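Please take these sequences and the hints and turn them into a complete structure.
FYI, this note's numbering numbers position 28 of the sequence shown as 30, with every residue one higher than the one before it.
There may be inaccurate statements among the hints.
Said to hold, decoys possible - The following label-pair restraints were derived from C-beta to C-beta distances:
(1) 128 to 79: 30 to 38 angstroms
(2) 61 to 101: 33 to 41 angstroms
(3) 98 to 128: 29 to 37 angstroms
In short, the hints are calculated from the structure, not lab data. Being a predicted model, the structure only gives us computed values, none of them experimental. Every residue gets a Cβ at the ideal spot worked out from N, C-alpha and C, and that includes glycine.
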Amino acid sequence: MATVHEVNAVLGRTIGRLRGVPTSLALLLGVTLIAVTLLTGSINSDVFYAWVTQELLPALPHPGVIIMDNASFHKREDIQRAIIKAGHLMEYLPPYSPDLNPIEHKWAEAKSKRRAVNCSIDALFSHYMT
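As structure tokens, this is what we get:
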């Protein structure tokens with residue numbers, strides 16, 4: 003089930019140009035989304051660090067390889083240190099290669115499912131995207 007957070011619960015304020023817009027973070031492990039977190043607002047390095055340390059790392063089997071795209075917030079040094087300290091390795095996809103990123107296909111599946119069943123984002127991740 004998704005963990006629902008407001009960005010202001012993580013940072014004390016809503017940030018970025020996506021004020022009020024739902025955003026999600028998750029890791030795709032095989033065909034299953036794990037550490038699904040729904041946010042309101044945009045994601046920056048502080049939000050990503052909080053998600054990695056509070057949601058993702060505790061949910062991951064040990065050890066593993068975490069593959070990420072080249073979003074700038076993925077590369078902050080303290081985030082990399084936290085992942086390495088937890089015993090995981092990191093790899094980055096080539097720039098501009100969403101076709102190589104399996105989670106992009108999962109997000110497309112989620113959007114399609116949400117349109118088909120006409121449900122809230124919370125219901126989508128709680129009932130359909132497990």
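Hint by hint, here is what the structure shows:
Checked against the hint of 30 to 38 angstroms, the C-beta distance between residue 128 and residue 79 comes to roughly 35 angstroms, which is consistent with it. Against the hinted window of 33 to 41 angstroms, the Cβ-Cβ separation of residue 61 and residue 101 comes to about 26 angstroms, which falls outside the hint. Between residue 98 and residue 128 the beta carbon distance is about 33 angstroms. The supplied range of 29 to 37 angstroms therefore holds.
Hint 2 from the earlier list is the only one contradicted by this structure; the remaining hints agree with it.
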